[in-house]
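Colleague: Chain by chain, the residues:
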Amino acid sequence: MKTILDTMSFKSRAYWVLIFFSVTSVVFAQADVDPNPLTNQCLIQLIDPADKEPLVGAHICVELADGRRVYEVSDTEGKVKLLYSGEKVGTVAISSIGYVTTYMQLNEIEDGAIIPVKADVFNINQVVVTGTSEPTPVDSSIYKVKVIGEEKIRQSGSVNLAEILLTEANIRIESDMMLGSQIEMLGMSGSNVKVMIDGVPVVGRLNGNIDLSQINMSNVKQIEVIEGPMSVIYGSNALAGTINIITKKNNYHDVSAQVDAFVESVGRYSGNGSVSKRLGNSSVNLDGGYEYFSGVDYDESSRLMDWRPKKIYRGNANYQYQTDHLSFGGKVGYYSDQLFVQSDILDAKYNVSDSYYYTDRLDFAANLAHKWGNSSIDVVAGYNLYERSSDGYSMSLTDLEKTWREKVISQEASQFMTRAIYSTALIPGKLSLQSGVDISSETFEGPRVVDQKQQLGDYALFLNMNFAITPSFEVQPGIRFAYNTKYDAPVVYSLNTKWNIRSDLSWRASFARGFRAPELKELFYEFIDSNHEIYGNSDLEAESSYNVNTSFDYKLQHDIHNWRFNVAAYYNTVDNLIALASVADSDGWQYYNISEYQSTGTNIDVNYGFKNNLQLRLGYGLTGRQSSVSEESGYDEFNFSHDLFAGLKWKERKSSVTLAIDYKYTGEIQDFQLSGDVITEVRQEAYQIMNASASKSFFKNKLQTTLGVKNILDVTSVNRTNYVGGAHSGGSGTPISYGRSFFINLIYKFNKL
Amino acid sequence: MKKVLFAFAVASLGLGFTSCDDDEKITPIDYGMKTFEADYMYDTDEESAYYGNHTQQTFMKLGEEEAVHMGVMGDDSWTDFSMVADPEHEDYNISTNITGWDLAFTHYTAMQVEYPGYGLYTVTASGVLINTEEGIEVGVYDYTDSEDITTISSAFADMTLADVETYNLEYSSDIATIGYGWKTVDTSVTPALYTVNSNKFYILKMNNGDVYKLRFVSFQTFNGADQSRIAECEYALMEPTEAAE
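From first to last, the protein sequence lines stand for chains A and B.
Just so we're aligned: 667 in the numbering used here is position 667 of the first sequence, and the numbers increase by one with no gaps anywhere.
So the number in the numbering used here is just where the residue sits in the second sequence, counting from 1, plus 1000.
Extracted from the complex, chain B is given alone in its bound form:
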């Protein structure tokens, strides 16, 4: 019996504790895309009036490295965007005095839902809005050939205007066409976990005829010491195809 017990003990030790993380390391490929980072700033101060909100907005122009304007929630610099028509926000798809921008990375009011036992429920979101004054139109292509992140990255880098034409996308000038759908959130974990849908390729048709491809590559959800929540997108001006010329 002693032998049995000994064997049992050895087996117990031998079977477990075998995991090793180092083999997870990945070396990414650089495709030379333009990138832009916008920090939404996540307010984790329980005493703050804006606790739990993304309190910073960033207006950017494609091709420019620096932001056109930064807004801080509760400050004059902030522009309130609401997709909901209500007395306080009569200007649906509100316009702003800020000019010269293409995309705004911002927190906004997304919709209202009638909910049983609760009443009207306002849903806010953090996403990217387009400047409707600039006549930008956006089409969305869902790349579904592979779920592998490296394959998706190379497919985006290789995508040409000729490819885009085969997709027969619908283009919209709605302010929230990009919206918040480039990330999904899992609220069953704490803190909530954001997954960036980097397989959503956005095609932006500018009013000067330029066509950009853009996708989101990162949303730093981790509230480390600085509480930043940095969205990063990569984009490129697409070369016109010969047929188009």
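The following block holds chain A by itself, in its conformation from the complex:
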């Protein structure tokens, strides 16, 4: 079968791919004004060539010569009528989740034709947008990108980003009762991981980390996880990795709406709703949600709760204008959470002091993209406000009379950023460039900030040149010049390569220099009380780093058996890594520089797909960490930790039931911390997380239900043991999860053309 894939330009291909992977519903009909009635038709049947079974519920878009688009969905026999008017001229795109999107010319399709559609077992056809000016198939990206799709998010029962990442390779998630969920990626802490929503960095880091549990998953189309540095484009933080959350957009339906309800047996409830209205090329989307968690308490003899009750409200409104060559839009988002912290009995008079902590985020974002000829320009701008405050009451349990405290704002941060990228193909297919500006200005205010207010600006210019030396070998050097208002920012550079050694074997490698200015909090945050103090350290040096990454991808297809192998290795070295250490014999904490820090590791993963019914994945990761602190302690070798992960997904196509099981073993980790002038070795035990779920769709995918079990092995916390001078000096439990829980998730979608 001949497709028009080769004859279409990359851009129009990418555009079609983008359109079709955004489609999540099944009801389509014709669009817009109808000057010439669609009187002619041609009947086709879509089949899976592996088993000759009909392809049900596939989306077909016919773009007619006059620019009109007609949408259809294949029926239970895989049959679909293509409607057209006048001449049989136009482009047909066929897409279905789990299949490679197929393009054909209408005049090449005979009436009654049986069209095979190839399975895309590992979603390699999925497009990514991070770091590219065009939506690019994940396999074509010069970066090592992993895509976590909507289906996977739903099957895992994940309400927020921290939960979905818990079973991902090369990522560790740590839960802190006050600071939320923090990430470590490729052996580097969360301050070296960039987290963005549609390209706009998430503001409000606590101890250098974004609280990933504050990022809701209900309106997310996909999560793009880039392992390795992107510091040339995204600057500070984007050294170990970048996580870009892509939200859903509606470009097709006159009206599209969705409601979902989630209940988890630990006392967690969540409800979300979204509605979208399209008017011509414009669309308006509103979405919002509420989450309530009642908290979990294992030991009821103490008032302290092991997992604290939380309420979350969030809402977004956005407008988007979209044509083939121009798109622009704006978004306003609001997030608010309330954490209730119950104290233990504080003294012999039965006094307690309970607190509410509030986090409020207000986000404004705007985007503009324009394409002409071989060039394009993309602009993203964001203004984000973040506030953390608290109030509460004290009372004696002898009379239960509450004395309320005034609400106190402990931290206010705001960020303005804009990034404009100009891309052009200087010699199409051989040489292209991507240049841009990246500006960010961060303000940090609060009663505990030195002088109450501090500001930090970072202004950068960057350039990436992409040389396709041969059609299968591309090299991309990049350079970034930055001016930082507080630091002499060095020139940051990178070199990325991708070599398609054979059609089934590819190699990627990257080398990059990174730089991270201390964040305002690390510099200036001050916390004074009568016998404890937390100081920012204005003498902190900026972090300077190098990163090397390499990976091989090998694909093997044999009839209905699909294999995919990936081997990767990396090495990071950081000078002046910023860390927090406790001050000896006091309750004070202080930021300081660790003169040298290195992490290295390798990981292997194997994916197997049987038709597109069964997917198995198995992986192993080795992460090593070493620092000057551990060297001083007498350990001059890397401390290695081992991770293992496995997954199974079985999809029964006729009943549309999907079973999914995910497993991750997170190995013992050794770490060294400085307490005053004493080095403490910390060892955290290994733990295992296993989740399973079953999903089924009803009413032509309108209703999607998922039933599942999270944390089957019922892991709640792991031991963290401290050793000073090799001797045991105490330990504590580090919380991992609230234990085994069962969940139900119902999603109802409604679309009208």
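Keep in mind the hints are simulated off the structure, nothing from the lab.
Each residue gets a CB set at the ideal place from its N, CA and C atoms; glycine is no exception.
Where hints are given, some of them may not hold.
Unchecked claim - Here's a subset of chain A near chain B, in silico, CB distances under 10 Å, partners left out:
| # | residue |
| --- | --- |
| 1 | S302 |
| 2 | R303 |
| 3 | D344 |
| 4 | I345 |
| 5 | L346 |
| 6 | A348 |
| 7 | Y350 |
| 8 | N351 |
| 9 | S353 |
| 10 | S355 |
| 11 | S394 |
| 12 | S396 |
| 13 | L397 |
| 14 | T398 |
| 15 | D399 |
With the hints as your guide, set chain B onto chain A.
Modeller: Frame of chain A; chain B shown alone:
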């Protein structure tokens, strides 16, 4: 399917929102101890030179209900106590002109720590110092038989001099023997949360032979409208045992 959805909705409502606080109420037992309250006064005025400090000190004599003297930070009435020898505080364990007191509830300089990347770091604390001029010696007994507050209270009330003798305590006349260790602070919450270690029983041997038992029962950490931080201790003169007589 409608039934499923309905059941689901009912279940959602039924599972949550079931907490009730009233069952927490506790009725304390009165052991008839002597008590003393000292307000450290927490300065929450951001404009103040003493912002974040405990600005009031209280000198007390065991057995007397009224304070012997009150000091206000930055005022002549204030006595600077420092455990750190430095040019400005040459009189280590500084003495004061105020006389006739046993215990001082005060903010003081506790220690200095050499800290990498920061230099010398001065740690201040709020606690209780003893009058070294009066020859008082203090021993500390950690009661660990139970963590239950009511049980601890009754153990303290019942403790006799005969019991104390079995503890084989070490007695010290160091000014900061009581110090700040009778409370611990959790800085991960805002405002910082002080827990009073009411299981630390202090035995005070006076130079006239009297022996007191003392413990701290409360430290009002809540900065309500009046910004007070009231430490409360309870104490009793212990009856000499017959053997001792």
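Colleague: Next step is simple, just say for each hint if it's right about the structure.
Modeller: So, going through the hints one by one against the coordinates:
A cut of 10 Å between beta carbons decides the hint on S302 (chain A): the least distance to chain B is about 9 Å, and the hint holds. The interface hint given for R303 (chain A) holds, since its Cβ lies 8 Å from the closest Cβ of chain B, which is under the 10 Å cut-off. Because the smallest distance between the Cβ of D344 (chain A) and any Cβ of chain B comes to about 7 Å, under 10 Å, the interface hint for this residue holds. Because the smallest distance between the Cβ of I345 (chain A) and any Cβ of chain B comes to about 6 Å, under 10 Å, the interface hint for this residue holds.
The criterion of a C-beta within 10 Å of any C-beta in chain B is met by L346 (chain A), whose closest approach is roughly 5 Å, and the hint holds. Interface restraint check: A348 (chain A) against chain B, minimum CB-CB distance 4 Å, threshold 10 Å, status holds. Taking 10 Å as the C-beta cut-off, the interface hint given for Y350 (chain A) holds, the closest approach to chain B being about 5 Å. The interface hint given for N351 (chain A) holds, since its Cβ lies 6 Å from the closest Cβ of chain B, which is under the 10 Å cut-off.
With a cut of 10 Å, the hint placing S353 (chain A) at the interface with chain B holds, because the nearest CB-to-CB distance is about 6 Å. Hint on S355 (chain A) holds. Least Cβ distance to chain B is approximately 6 Å, under the 10 Å limit. This hint holds: S394 (chain A) has a C-beta 4 Å from the nearest C-beta of chain B, less than the 10 Å allowed. Annotation: interface hint on S396 (chain A) holds; nearest CB of chain B at approximately 9 Å, less than 10 Å.
At its closest, the beta carbon of L397 (chain A) sits 5 Å from a beta carbon of chain B; the interface hint therefore holds under the 10 Å criterion. Interface restraint check: T398 (chain A) against chain B, minimum CB-CB distance 5 Å, threshold 10 Å, status holds. At about 8 Å, the closest approach between the beta carbon of D399 (chain A) and any beta carbon in chain B falls short of 10 Å, and the interface hint on this residue holds.
No hint from the list above goes unmet by this structure.
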